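Which chain is which? The protein sequence lines are A, B, C, D and E, in order. Position 81 of the first sequence, counting from 1, maps to 81 under the working numbering, and the rest follow consecutively. Position 45 of the second sequence, counting from 1, maps to 45 under the working numbering, and the rest follow consecutively. Position 47 of the third sequence, counting from 1, maps to 47 under the working numbering, and the rest follow consecutively. Position 161 of the fourth sequence, counting from 1, maps to 161 under the working numbering, and the rest follow consecutively. Position 44 of the fifth sequence, counting from 1, maps to 44 under the working numbering, and the rest follow consecutively.
Calculated from the structure, these hints are not laboratory results. This one's a predicted model, so the numbers in the text were calculated from it and none came from an experiment. Glycine included, C-beta positions come from ideal geometry on N, C-alpha and C.
Quick look at which bits of chain A chain B covers, simulated, 3 or more residues with Cβ under 8 Å:
#1 195-205
#2 212-223
#3 254-261
#4 284-290
#5 310-319
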Amino acid sequence: MNPAVSFRGVSRHFGEVRAVDGVDLDIAEGEFFAMLGPSGSGKTTCLRLIAGFETPTAGDIRLFGESVAGLPPYRRAVNTVFQDYALFPHLSVVDNVAYGLMIAGVPKAERRRRAEEALAMMALPGYGSRRPSELSGGQRQRVALARALVNRPRVLLLDEPLGALDLKLREQMQDELKALQRKVGITFVFVTHDQGEALSMADRVAVFNEGRIQQVGTPAEVYGRPRTRFVADFVGSSNVLPPALTALFGGPPKWASLRPEALRLRPPEGAPIIGTVQGARYLGASTRLVVDLGTGPAPEDRADIAVLLPGGEPVPQPGARVGLTWEPAALHVMGAA
Amino acid sequence: MNPAVSFRGVSRHFGEVRAVDGVDLDIAEGEFFAMLGPSGSGKTTCLRLIAGFETPTAGDIRLFGESVAGLPPYRRAVNTVFQDYALFPHLSVVDNVAYGLMIAGVPKAERRRRAEEALAMMALPGYGSRRPSELSGGQRQRVALARALVNRPRVLLLDEPLGALDLKLREQMQDELKALQRKVGITFVFVTHDQGEALSMADRVAVFNEGRIQQVGTPAEVYGRPRTRFVADFVGSSNVLPPALTALFGGPPKWASLRPEALRLRPPEGAPIIGTVQGARYLGASTRLVVDLGTGPAPEDRADIAVLLPGGEPVPQPGARVGLTWEPAALHVMGAA
Amino acid sequence: QMTEIGEGEGALSIVAWAGYVERGETDPAFDWVTEFEEKTGCMVTVKTANTSDEMVALMNEGGFDLVTASGDASLRLIAGERVQPINTDLIPSWDQIDPRLQDAPWYTVDGVHYGVPYMWGPNVLMYNTEVFQEPPTSWNVVFEEQQLPDGQSNAGRVQAYDGPIHIADAAQYLMHHQPELGITSPYELNEEQYNAALELLRGQRQLVGRYWHDAFIQIDDFKNEGVVASGSWPFQVNLLKAGGAPVASTIPEEGATGWADTTMLHVDSEHPNCAYMWFEHQLSSNLQSDLAVWFGANPSVPAACTDGRGMLTPEICTQNGFDDFDKIRFWQTPVADCSQGEDACVPYYRWVSDYIGVIGGR
Amino acid sequence: MTALAETPPRPAREGPGGRLSDALWRRPRVLLALLLGPPLLWLGVVYLGSLFALLAQSFFSIDEFSGRIDRTLTLRTYGELLRPANLDIIWRTVAMAAAVTVASVAIAFPIAYYAARYARGRWKAVFYLGIMLPLWSSYLVKVYAWKLILAKEGIVGWGFESVGLGWLLNAFLAVPGIGGNSLSVSPTGTFLVFVYVWLPFMILPIQAALERVPPSLVEAAGDLGATPAQTFRTVLWPLALPGVVAGSIFTFSLTLGDYIIPQIIGTSARFIGLAVYQYQGTAGNIPLAAAFAVVPILIMGVYLYVARRMGAFDAL
Amino acid sequence: MRSEAPLWLKVAAGAGLLFLHLPILLIFVYAFSTEDSSFTWPPPGLTLRWFGAAWERPDIWAALGLSLRVAAISTVVALVLGTLCAAAVARTRFFGREVVSLLVVLPIALPGIITGISLRSAFNLADIPFSFWTIVLGHATFCIVVVYNNAVARFRRVSGNLIEASMDLGATYWQTLRFVILPNIATALLAGGMLAFALSFDEVIVTTFTAGQQQTLPIWMLEELVRPRERPVTNVVAMVVVLVTFLPILGAYYLTRGTDTVAGSGK
Ligand SMILES: Nc1ncnc2c1ncn2[C@@H]1O[C@H](COP(=O)(O)OP(=O)(O)OP(=O)(O)O)[C@@H](O)[C@H]1O
Ligand SMILES: Nc1ncnc2c1ncn2[C@@H]1O[C@H](COP(=O)(O)OP(=O)(O)OP(=O)(O)O)[C@@H](O)[C@H]1O
Ligand SMILES: [Mg+2]
Ligand SMILES: [Mg+2]
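Generate coordinates for the entire structure from the input sequences, incorporating the hints supplied.
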């Protein structure tokens with residue numbers, strides 16, 4: 001089977017700026033695929049290349065095996081949920097949803113019915129006659145989804161669709177989106193700069209940096225076995241260990257990552273590694289402790305490492321000496337720099 | 001000693017809207033006090049009442065024991081760090097910082113010296129001649145802090161000062177703010193809608209809802225022993241149990257809260273409570289499992305409960321039957337509704 | 001009414017037709033203001049008006065001392081009590097005035113004089129000499145569609161005056177060509193005569209690109225817009241000729257309407273002494289003489305033709321039609337009670353609105 | 001830095017300034033009144049007062065013979081206003097205003113769209129100044145320039161002649177209703193000049209409205225299958241409409257009130273502005289002028305009401 | 001966000017801009033023409049003579065002087081009133097706020113002739129003689145709106161927080177006005193003032209009704225257009241007027257560049 005989306009050596013340069021730079025990528029049909037990366041790393045540009053709003057300066061993009069070079073957006077079986085939703089402010093909610101059907105020439109009654117249906121699926125029945133401005137952020141987001149899905153695209157592109165929502169709503173919408181994708185079964189390509197979001201929702205994640213893909217893999221792969229320091233640092237709040245420290249933790253003298261939750265406190269006596277508590281941050285469910293493993297008081301001797309204490313464990317005071325143990329398997333030595 | 005700030009029955013209504021509604025509050029001198037609550041719950045209005053930008057429609061506000069009724073903002077020994085920083089765009093950084101001193105009639109050389117000192121304390125030496133527009137978000141935030149602190153206010157008000165920053169910078173600024181407050185020792189009143197922020201920084205937290213205070217207490221009290229369902233729900237992602245479920249977990253038939261991290265999985269055989277896994281959300285450091293304890297397939301029989309699996313534990317598939325154990329002490333029965 | 005002339009007030013403001021009060025700005029040779037100002041210390045300011053209606057409006061608004069009112073404005077000003085009677089005894093040169101004008105009905109009411117005659121002249125037919133080798137003999141070149149001598153139609157190449165009084169020109173044309181209408185005076189038209197005149201004007205609307213209401217714009221139009229024939233004032237003819245344009249004027253066989261203008265004094269004039277000095281100046285200085293040459297019209301002081309005080313000569317007087325006084329039908333305000341009987345004629349206010357209608361194509 | 005913790009008393013801001021400031025802080029309404037008082041007095045009393053004075057005059061009448069105003073209230077002047085000749089004027093003006101508005105939109109839209117969507121950096125400035133400079137350069141100069149252009153001996157004629165298309169211009173000018181002897185004495189000439197001088201007033205609000213349309217909306221339409229033409233019809237146009245309406249407030253209002261252009265260029269047929277001007281100035285018939293003036297006030301009143309409902313004011 | 005415009009759009013926009021500018025350039029050409037009476041195109045020859053002729057005409061200088069004085073005073077009045085109004089509207093929510101902004105817009109939303117004739121009949125009824133001040137009265141009325149538009153846009157941008165921040169740091173209303181508000185709105189006011197100046201300097205429709213017998217430069221030009229004495233001198237003045245009004249516009253543009261104001265929209 002052809003992949004839903006496939007990039008071969010795709011670049012998009014804006015003058016000097018290499019927004020997307022030689023990307024190879026295959027997204028399988030039915031996959032929930034996340035693009036993760038810091039601001040300006042080229043995620044949106046990738047999405048716009050798929051949708052057809054940008055043309056690659058090099059390389060080839062295929063949708064379901066067919067090259068889409070020269071195909072304008074309105075001829076691609078792809079729909080987009082924009083970051084700002086891009087709902088038409090002059091149309092009612094139901095007209096927004098029915099817009100694509102209207103353009104496709106579906107008769108009025110039929111498109112109304114299908115739009116209402118899509119709204120019902122999004123748990124928005126009865127909102128059809130409102131204006132987008134009369135909806136809350138989460139509701140708008142659902143309308144934007146309905147508007148895209150009602151056209152039965154083969155690929156749905158979502159550009160940080162949850163970026164504008166507040167925390168509670170965002171978690172709720174994450175669950176809903178995930179459930180929705182399972183239900184409709186089409187390919188979702190999801191852009192975000194929030195690693196939590198990418199990990200919890202995606203089947204596979206591509207981590208972007210400076211227009212290039214750093215790693216593609218399942219969330220567990222990307223989180224647990226980052227290929228580069230950048231990935232380790234960006235995905236989750238990991239300890240990134242320089243070669244000297246890696247050696248201290250019993251690994252080869254290479255860069256490595258060690259998750260704070262893999263570390264445990266124990267009394268300093270006889271512990272393999274001893275440090276001084278620098279500070280604690282109460283997180284409710286847990287407490288994040290910063291421990292200095294440095295050998296002297298000079299700043300260049302400091303080597304801070306974060307330790308996650310599960311809720312309920314006693315939290316040592318700053319300045320206390322503590323010992324550390326860790327699961328050796330959690331020490332992940334990185335191949336690439 | 002008189003409290004730094006004290007509210008007695010303070011209300012601020014805007015027509016129909018009860019932005020602040022009968023609040024009693026005492027903030028001790030030298031305290032790092034957080035006001036936490038959802039959007040629109042009246043936190044900003046409370047702050048503005050203290051600063052003097054709003055006048056209470058009822059009640060009495062005292063600063064260090066003296067009523068401030070009728071006192072305009074420029075006569076209160078209180079300074080504010082605004083959410084958008086509100087730096088004066090037409091003044092250089094050093095002139096921004098020296099503004100309050102200039103108004104107070106401090107001689108030019110003296111106020112320059114003190115402003116530079118304050119900037120140095122904020123790790124911004126040498127930035128004095130820039131314009132605010134030439135600074136990054138975090139730097140602006142520090143300038144705003146310096147501008148307020150250089151006046152030696154007795155109370156510093158901060159309205160979501162970190163709201164506009166991105167995640168990494170935010171965590172760094174949280175640490176810096178906390179350290180700063182320890183250093184200068186004056187009262188900080190800090191507004192946020194991010195419970196993580198409030199918990200990790202504050203000495204005491206007031207949780208607001210709909211213009212009223214739901215609970216005041218230390219972070220651990222608020223997180224671990226919420227007084228109301230609202231607090232339990234808002235602070236951290238707790239399980240809020242209706243009376244029937246509370247009884248199932250061995251408590252009295254009252255509303256209770258049970259933190260997901262206090263629950264553990266075990267094989268269903270012989271477990272006190274058995275449920276079906278509904279879904280899992282991979283969070284990197286842990287996995288959040290939703291388990292249905294319901295007795296039947298009908299929606300009204302469902303009783304979902306969240307369980308936090310530490311990283312590394314095997315994650316059961318959706319549909320699997322699992323048993324649950326919990327620390328009885330973690331079941332917190334709420335007094336109020 | 002004044003009984004004696006005192007010190008001049010130092011200023012005098014006059015509402016006048018274009019070209020009537022010259023201080024040598026257009027042509028340094030024609031200046032009859034500077035001398036007056038030097039002599040009396042009354043500094044003259046001029047407000048140019050383009051139509052009689054505008055003059056009446058300006059005088060109603062006030063703030064002016066004198067107005068050079070034509071016959072279709074003067075009686076209205078008197079009836080409206082905008083102008084004051086003149087004490088002719090205070091004007092030494094009063095006796096010099098052409099006897100034909102001395103007690104003319106357009107400024108004398110019940111034997112009281114309300115002004116001092118300024119100048120009179122015909123509304124001539126101006127034409128382009130390159131188009132008309134021979135002077136046109138009839139006003140029909142501006143009233144009826146026809147082929148002009150250069151082989152092209154006159155449509156779009158003729159103009160007419162943008163003032164309701166132009167209805168009288170049409171009536172005069174009809175007087176000659178449709179005697180059965182029984183028009184006796186172009187200013188006294190009964191309903192039927194009036195309608196016939198309007199009908200003629202509606203036909204004319206098809207020929208006229210733009211109506212002229214300003215002497216200088218008409219000059220422009222002859223130069224830049226290809227206009228070749230129009231009713232006009234001798235003033236424009238003279239200026240165009242002086243600029244070398246191929247134009248000439250004639251009074252066609254139907255005769256011509258004309259104007260006899262009177263300088264009148266506002267009731268609330270703030271500079272009456274200067275005004276009386278102007279009255280005397282207007283009669284006694286080179287003004288009558290030079291103005292007649294400048295404007296191509298006739299002085300109200302016959303002596304100006306002969307006594308050499310200005311540029312005027314007896315030949316020019318004859319050429320300007322000094323002896324044709326009786327042939328010219330001077331502008332007057334149409335009133336309802338006319339020689340055809342009380343309420344028999346169409347009054348002026350209907351002329352105003354109907355003429356706007358005609359120009360608008362109605 | 002414990003120094004920061006000591007608290008010197010706030011310097012007392014005494015003196016009349018400080019006390020007045022305190023008083024204003026306690027009574028914000030007084031402050032508001034102080035701010036609003038002068039402009040409201042000026043606009044409310046001087047301007048609105050004058051408007052009402054004008055309105056009142058339209059209920060006076062004029063003595064037809066002497067031209068003096070009779071200050072007894074009557075509806076006679078309105079009766080006069082409804083004469084066919086005057087109705088012609090009103091109709092002619094409104095038709096012209098509508099035509100001018102439509103043409104301005106057609107010409108303005110591409111300029112505004114380009115400036116709003118594509119012009120960047122230096123080009124943005126070029127467009128901005130390119131619109132602002134004609135807008136603000138002397139109105140009379142512009143009208144005058146067109147007189148030069150449209151005269152029979154002027155540039156347009158010369159241009160057509162020199163490319164051998166003089167016959168085309170003449171054929172156009174022969175069309176009744178819009179033609180005339182030359183462009184400068186034809187309704188087409190009047191129309192052209194009106195379009196020219198009011199065009200910038202149309203461009204700016206449309207540009208402002210288009211700039212408020214997020215580019216993502218246009219992309220969303222394309223994404224949902226709309227061709228560029230469909231996108232224009234279903235998204236851009238409806239969203240630019242408030243700007244168009246705001247612009248048309250200007251083109252309409254300015255055309256309704258102008259008296260200089262039809263006086264210099266055109267067929268001598270009156271427009272409302274010219275009629276008001278002449279009734280007022282030339283004929284001294286202030287009551288009728290006032291009654292005439294009520295017509296554009298009414299038209300603009302309705303127009304503004306509709307425009308406000310469409311949200312055009314934000315685009316002004 | 002697509003950076004390339006379709007060709008037809010470029011052509012249409014470019015042609016539109018040309019249409020806007022060519023007629024004005026034309027006047028410039030005619031100012032140098034040797035032909036002094038007709039509109040013959042192309043001009044038979046070029047000369048600088050008319051600049052000298054214009055220089056020596058006292059009536060031009062008088063009209064220019066009056067125009068400058070009127071524009072200056074009207075600008076000052078409009079600045080004060082427009083700013084006060086903008087401050088009130090931007091700062092506070094009060095009943096009838098919409099009415100106020102409508103009232104400010106009205107003098108330009110209604111045809112100028114209405115403003116003119118209204119003022120004139122009001123002067124008439126109140127027996128106020130025409131003077132310098134009657135012209136200023138008219139001009140200030142319609143200039144308020146440009147100042148107001150600029151100021152209101154800037155006030156919106158200068159977040160209310162700045163004022164609160166200033167008072168929070170101990171400044172009274174007056175100190176806040178002096179140290180924060182004025183410096184922040186200064187460029188907008190300057191831009192608004194310049195536009196008001198240009199607007200007043202160029203105004204003719206209202207002025208004809210409120211000037212009586214006084215001649216501002218545009219009225220002088222109107223007279224000359226209709227009743228030309230030396231046509232090329234009129235061309236020269238026209239050109240100078242265009243150049244003189246350009247300067248404030250350019251100034252206003254540079255002062256408000258990059259802000260949300262479209263300086264001068266809503267002339
Ligand atoms: N039209 C354009 N012209 C010039 N540069 C552009 C354009 N679009 C994007 N870029 C640049 O390309 C780079 C990648 O941009 P892109 O929008 O793809 O980043 P992103 O990963 O989506 O970031 P964010 O998380 O901030 O949305 C950025 O440096 C951006 O400035
Ligand atoms: N000036 C005002 N006029 C009318 N209502 C107001 C005003 N200021 C605040 N409110 C209302 O008062 C309520 C509380 O507002 P407030 O700004 O204090 O909330 P908040 O807790 O700070 O919310 P957020 O987290 O969104 O900043 C809201 O409903 C708000 O709409
Ligand atoms: Mg992006
Ligand atoms: Mg708030």
